[in-house]
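Undergrad: Residue numbers (this note's numbering), protein chains in the order written: chain A, 19 to 427; chain B, 19 to 427; chain C, 19 to 427; chain D, 19 to 427.
Keep in mind the hints are simulated off the structure, nothing from the lab.
Everything numeric in this text was worked out from a predicted model, so none of it was measured.
Hints are supplied without guarantee of correctness; some may be wrong.
One copy or two, it doesn't matter: identical chains are merged, so the pair holds either way.
Stated by the list, open to error - Taking lysine-lysine pairs in the PhoX-like style, the calculated list, with each CA pair at most 20 Å apart, reads:
{"hint": "1", "residue 1": "K277", "residue 2": "K261"}
{"hint": "2", "residue 1": "K261", "residue 2": "K280"}
{"hint": "3", "residue 1": "K37", "residue 2": "K156"}
{"hint": "4", "residue 1": "K351", "residue 2": "K385"}
{"hint": "5", "residue 1": "K283", "residue 2": "K351"}
{"hint": "6", "residue 1": "K351", "residue 2": "K280"}
{"hint": "7", "residue 1": "K351", "residue 2": "K277"}
{"hint": "8", "residue 1": "K261", "residue 2": "K351"}
{"hint": "9", "residue 1": "K150", "residue 2": "K37"}
Protein chains: 4
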Amino acid sequence: MNSRPNKSHKEENDDSFHKSIAFALILGQCFGLMPVYGIAGPNERSLHFTWKSWRVLYCFLTLIGTFFALIMCIHEIFWDKANIFEITAVIFFGSSFLVHILFLQLALIWPNLMRSWYVVEISMRNYGWPPKLNRRLKIMTSVILTTAAVEHILVVISNLLRSERCRNDNQDIMNFFFVILSYPQVFAVLEYYLWAGILMQIVNLIGTFSWTYIDLFIMLISTSLSLRFQQITQRVERYVETKVADEVLWRALREDYNKLSKLCKKVNEALSSIVLVSFGNNLFFILVQFFNSLRKRDDTLEKVYFFFSFGFLIGRTVCVSLYGAWIHDESQKPLPILNNVSSTVYNTEIRRFILHVCFDSVSLTGKRFFSITRGLILSIAGTIVTYELVLIQFYGYMLEDPNSKNATC
Amino acid sequence: MNSRPNKSHKEENDDSFHKSIAFALILGQCFGLMPVYGIAGPNERSLHFTWKSWRVLYCFLTLIGTFFALIMCIHEIFWDKANIFEITAVIFFGSSFLVHILFLQLALIWPNLMRSWYVVEISMRNYGWPPKLNRRLKIMTSVILTTAAVEHILVVISNLLRSERCRNDNQDIMNFFFVILSYPQVFAVLEYYLWAGILMQIVNLIGTFSWTYIDLFIMLISTSLSLRFQQITQRVERYVETKVADEVLWRALREDYNKLSKLCKKVNEALSSIVLVSFGNNLFFILVQFFNSLRKRDDTLEKVYFFFSFGFLIGRTVCVSLYGAWIHDESQKPLPILNNVSSTVYNTEIRRFILHVCFDSVSLTGKRFFSITRGLILSIAGTIVTYELVLIQFYGYMLEDPNSKNATC
Amino acid sequence: MNSRPNKSHKEENDDSFHKSIAFALILGQCFGLMPVYGIAGPNERSLHFTWKSWRVLYCFLTLIGTFFALIMCIHEIFWDKANIFEITAVIFFGSSFLVHILFLQLALIWPNLMRSWYVVEISMRNYGWPPKLNRRLKIMTSVILTTAAVEHILVVISNLLRSERCRNDNQDIMNFFFVILSYPQVFAVLEYYLWAGILMQIVNLIGTFSWTYIDLFIMLISTSLSLRFQQITQRVERYVETKVADEVLWRALREDYNKLSKLCKKVNEALSSIVLVSFGNNLFFILVQFFNSLRKRDDTLEKVYFFFSFGFLIGRTVCVSLYGAWIHDESQKPLPILNNVSSTVYNTEIRRFILHVCFDSVSLTGKRFFSITRGLILSIAGTIVTYELVLIQFYGYMLEDPNSKNATC
Amino acid sequence: MNSRPNKSHKEENDDSFHKSIAFALILGQCFGLMPVYGIAGPNERSLHFTWKSWRVLYCFLTLIGTFFALIMCIHEIFWDKANIFEITAVIFFGSSFLVHILFLQLALIWPNLMRSWYVVEISMRNYGWPPKLNRRLKIMTSVILTTAAVEHILVVISNLLRSERCRNDNQDIMNFFFVILSYPQVFAVLEYYLWAGILMQIVNLIGTFSWTYIDLFIMLISTSLSLRFQQITQRVERYVETKVADEVLWRALREDYNKLSKLCKKVNEALSSIVLVSFGNNLFFILVQFFNSLRKRDDTLEKVYFFFSFGFLIGRTVCVSLYGAWIHDESQKPLPILNNVSSTVYNTEIRRFILHVCFDSVSLTGKRFFSITRGLILSIAGTIVTYELVLIQFYGYMLEDPNSKNATC
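Please construct the entire structure, taking both the sequences and the accompanying hints into account.
TA: Shown next, in the form of structure tokens:
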């Protein structure tokens with residue numbers, strides 16, 4: 019189907035998505051995500067997955083830790099009456115667990131996916147490498163993960179300060195920090211040891227990280243695909259402007275678009291569970307944080323921290339939605355340009371191109387339950403407002419409660 | 019329209035949908051559903067419906083029983099103030115009644131429908147029989163109906179235990195079980211006899227069964243149709259890959275797709291009322307059960323039972339939605355493949371095929387009020403959350419009520 | 019565009035929509051709706067509208083009466099605190115006023131519209147007259163208006179009985195009936211006279227009638243158009259089955275479809291305000307009645323009356339939605355049949371036909387804010403449930419209020 | 019692509035959108051919006067933007083003033099508990115700030131946009147100038163801005179009267195007016211001076227104006243574009259009626275449609291942020307005002323003022339929605355006409371035209387999150403009702419509060 023031959027000799031120094039994404043993947047592996055080997059290798063052929071490896075072991079350890087924390091929280095809910103804080107904890111550890119499972123699954127097919135990607139890259143070689151893609155991905159990774167780190171450090175410090183302030187005289191700071199503030203579900207059942215607390219804290223850290231990481235991951239993939247579609251749109255534009263009439267050129271262009279669409283569908287199949295978890299997670303935590311935002315806070319530090327954290331959450335959600343919708347937007351852009359094609363050059367290939375763009379829309383989806391488009395963002399916003407208003411009515415009394423569990427002391 | 023002749027000699031040992039579905043239909047007939055004769059016969063020509071038959075009589079007896087129970091509940095609501103438990107009972111018996119009516123209707127047209135189905139099967143004979151279809155349908159039937167049976171037995175046992183625990187000394191267990199726990203609406207009006215209670219219990223059993231059965235039935239039909247569409251998609255894929263240029267082959271393929279679409283529309287017309295009842299039912303009972311899930315339960319056994327039952331309900335609903343949406347998904351799959359057809363083989367037949375897939379989407383519908391697609395599942399979930407939040411606000415006080423009717427004693 | 023010549027000699031005895039709708043229009047004119055002359059005339063050329071006529075005068079008198087009642091209710095709301103009963107009265111008289119205005123507008127363009135309709139009828143003469151259309155329309159008119167009359171009589175009788183029961187000894191029945199029960203808004207401001215009460219009662223009767231009448235009117239129009247589309251579908255089916263290959267025949271068929279679509283658009287432009295009022299009205303009153311349905315009623319007669327009235331309202335709304343959606347459904351039906359056209363007969367005309375059906379969907383709309391389709395019915399139902407749940411929460415205390423204005427005494 | 023040459027000599031007296039919109043732009047500049055030079059110039063070549071200019075300086079001053087007011091309100095919310103009045107103030111000043119920023123951005127690209135517009139106008143010269151466009155735009159501008167002025171004056175007078183009535187004896191009227199009634203957020207922090215109050219009042223005036231102005235601006239742009247689409251539709255109609263078969267003429271017509279679509283997309287890109295702010299703003303203030311409308315008002319003057327103001331807000335919102343949707347409506351109108359084209363004239367150009375109209379729909383959008391269509395209006399209305407009902411439940415107690423801040427004294 020591809021009229022140009024796959025070049026047999028492969029320049030190893032070439033740019034490729036495999037290399038662009040490597041930095042982010044390595045960071046992910048530090049937290050037990052995506053236990054695949056060869057991500058720093060020179061090309062996508064170095065990628066391989068093996069069950070008997072340290073990375074998979076590490077992944078399983080994080081899975082076990084998260085699962086344990088999850089069980090503790092469910093146990094609490096099952097035996098005592100559920101409240102919003104317990105449910106939040108279950109969702110938090112549950113999604114962390116799920117994310118690790120999903121990235122393990124993804125690791126299995128990652129080498130193949132990268133090979134498919136590379137085939138498209140080869141066939142689109144004459145478009146050049148999307149300008150600044152690599153730097154762009156690196157900057158996104160750095161900014162988002164640094165902010166996440168800052169946020170996590172802030173919450174730990176703030177809780178330590180609070181432990182210092184609120185503990186009884188006969189209580190250890192760390193004891194108060196772990197047993198009362200952070201993991202009451204766990205240490206109500208088990209006896210408290212310092213190492214256990216630290217382990218729980220690591221599990222928590224990994225959870226926080228993986229929560230941010232899936233958003234980042236979706237953004238990186240979306241950017242890479244969107245920039246490719248952009249290149250095709252630009253070429254369409256140039257062809258239309260210079261009145262290219264050669265049907266062969268148009269066919270090549272259409273086939274590039276086809277290949278890219280196919281790649282998108284493959285990526286979507288691999289990623290759609292992760293997308294679903296990401297959106298579900300963000301939706302839930304925005305609801306919870308929004309609700310918390312209504313509680314009166316007297317402490318300035320706490321206020322600043324809270325709005326920083328909430329802002330980060332909303333910003334990330336908006337970003338992942340916009341970047342996700344970018345693919346769909348870019349993939350639709352050739353349409354109006356193709357409609358402008360002069361009648362003298364109009365041919366069957368262009369007509370097929372138009373029909374393809376119209377009928378077979380490309381986008382990331384959440385398990386095909388929803389497609390990420392700009393319209394989705396609006397309906398998410400509407401859903402948040404609606405649920406929030408109802409939540410306020412139902413749990414509103416908690417906001418007034420001076421003895422609330424999370425009060426300043 | 020079909021270029022291949024209908025084979026005149028028919029191999030009786032061939033697979034056919036008629037045979038695959040027979041097992042499920044026989045089980046259904048045990049509960050008065052689908053009173054048609056010949057479902058275990060060798061081929062679809064043995065099917066016939068006759069009004070003067072034991073099966074129709076049995077069906078009418080169940081109808082009368084259910085109608086009686088329904089009238090009792092409506093009577094209660096009309097004369098006393100309605101509450102959520104009475105309304106649930108009305109919906110339960112009402113939908114059971116409706117399901118029997120609808121399956122009676124379906125039985126009337128079933129022989130014809132199976133003949134239409136067989137015509138498509140004949141014309142798709144060269145695709146082979148979808149692999150493992152028969153086993154698949156049998157496993158689905160067994161798993162779902164067994165779970166339903168387990169659930170029903172559990173609820174009876176749990177209620178019997180509760181009767182033992184809660185009854186006064188001068189009260190019979192069965193008396194308490196029937197009069198107080200299970201059918202207060204009925205025995206408030208009529209005098210209590212043991213046989214009357216047992217009859218009510220049978221009506222109840224048939225209701226529970228038919229409720230599960232319609233979900234199962236939709237899943238079986240969906241699976242059979244989806245696997246057929248899958249075969250067409252696979253052939254499209256093969257044609258595209260091997261660059262089949264023969265317009266006659268493509269025409270035959272497109273006509274097979276047409277015939278299957280037509281069959282789907284016929285099936286949809288026959289089934290759409292059942293789909294509507296199924297979705298309405300599930301939506302309603304999820305709301306009710308979700309609401310009940312918030313009540314504090316002290317008894318571990320009761321907790322386990324409740325979550326088992328609720329999980330079964332949700333699982334069934336998700337399954338029926340996903341299987342239903344499968345038809346639509348599969349029927350759309352040829353589209354991207356057809357868009358990839360090489361320009362050298364592109365012809366009028368392929369263009370017509372593309373237009374057909376785009377414009378005339380196939381899916382099961384609930385009386386054409388909604389189509390079952392994956393998007394629907396999301397909006398059902400959204401609806402459930404919204405209504406649930408509002409229900410909680412309105413009836414929330416019931417959850418706290420220690421003297422609630424359904425309390426442990 | 020039409021390949022068949024308009025027959026110059028017109029048979030006066032022919033069926034035409036003008037004659038089918040005459041019965042309903044005459045009944046409408048009894049209540050001041052549609053003040054056009056010649057509706058009972060032999061053909062649509064006898065139709066004419068003139069401002070200086072008794073019918074227009076009658077229409078203006080009803081407008082003045084309704085406007086007066088409306089002003090009284092608004093006055094009440096503006097000076098006292100608004101409650102749900104006052105708002106209902108405003109909506110009732112307001113919509114009655116609006117309906118009379120809209121039918122006056124419609125009367126202006128009715129003669130032209132009927133002429134356009136007749137042109138289509140001429141060109142579709144060789145399809146024959148849709149079977150039983152005339153009888154069908156007459157039955158629909160009779161059933162709906164009779165039920166409306168029964169309902170109105172019931173409410174008057176029930177209120178008279180209540181007046182008899184509840185009045186003080188020194189009060190006249192009619193006085194109580196008019197001043198306390200029926201029109202407190204009016205007779206709080208003006209002095210009470212019997213003739214004034216009777217006039218108010220007539221205004222009320224006209225309001226009730228016009229409310230039912232717009233629903234009926236939409237149903238009649240929808241039925242007439244849908245049956246025409248059905249005829250085209252049937253011919254498409256016949257052509258496809260008999261493998262008609264003559265492009266001229268197909269062109270004629272497509273042009274008939276075009277003309278009918280154009281007529282639909284014209285009808286829609288004339289009717290869309292009426293559709294908007296009808297749906298808005300029904301939505302509002304269902305919400306109010308649904309809410310009322312939750313109030314405990316002790317009196318059996320009142321219960322029966324209430325559920326009769328509520329059932330009629332819901333039935334009418336469902337009917338108007340289903341009949342309205344029928345046009346859209348029928349207009350889409352040629353599509354799957356055309357997709358099945360054998361490749362040997364497939365031609366440009368059929369392709370254009372397919373594109374037309376796909377792209378330019380026909381339906382009645384409410385001022386183009388919404389189209390009446392089957393999906394709409396579901397979203398209306400969803401809206402009703404949502405608003406109802408919220409209404410119950412907000413005004414729920416009214417339901418418990420023993421001194422409520424509408425209580426039995 | 020355009021078959022007709024751009025006329026090289028340009029008649030300066032010709033009509034152009036540049037001139038039609040000048041009146042509105044000059045009025046906007048009085049309030050610091052759109053600081054571009056040459057809007058009153060003879061043609062679009064006189065337009066230019068320069069950073070070092072009095073207009074930009076004025077714009078920046080208004081920005082600073084608005085920003086200051088905004089900061090004061092946020093400060094209030096951050097330190098005290100947020101209530102609905104504070105949030106309203108933040109939204110008010112925030113959107114005013116945003117609108118000034120967005121118009122500054124628009125001013126940067128305005129000269130270019132007008133040049134693109136002019137190119138389309140040149141190419142559509144043979145359609146003539148849309149009848150009465152200039153007068154229409156002027157009337158819209160005058161009516162809306164006058165009403166806004168009247169409303170603003172009314173609120174100032176009414177507040178002055180109230181200050182006179184409510185102040186203590188030892189308090190200055192202006193003092194009470196500024197410190198207690200109008201800007202408590204500001205003068206709680208800063209000391210009160212008369213000039214400071216007057217400055218705040220000017221900032222307030224500019225905010226009110228810019229709020230109305232963006233609605234007006236969208237309407238003006240929409241009208242101009244819609245009337246152009248109308249001209250194309252009219253020509254399509256004439257071509258179809260007179261059975262124009264010349265492919266060259268059809269091509270020219272299609273290309274005009276293309277150019278207009280392209281212009282719409284350009285305008286949309288420039289305007290979509292403004293559209294988003296306009297709709298967000300109107301939605302929010304309708305919710306707030308709707309809520310306020312439920313408060314009991316004893317003072318007739320206040321009642322009249324309130325309903326005038328609320329009516330203006332709703333009227334403006336409906337207008338901006340309807341005018342915005344007009345573009346989409348007009349751009350779709352050629353479709354049914356093209357479907358009616360006689361088979362003898364049907365050609366490739368017409369087919370491309372049809373596909374273009376179907377697939378590439380034109381409309382104004384709010385940052386592509388939503389398109390302005392008639393359906394949008396309905397969903398906005400639904401959203402308002404839903405949120406309103408919930409708001410009433412949550413904040414309903416405020417309505418009863420006799421000591422409410424905004425009470426008559």
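Undergrad: Of the hints given before, which are not true for this structure?
TA: none
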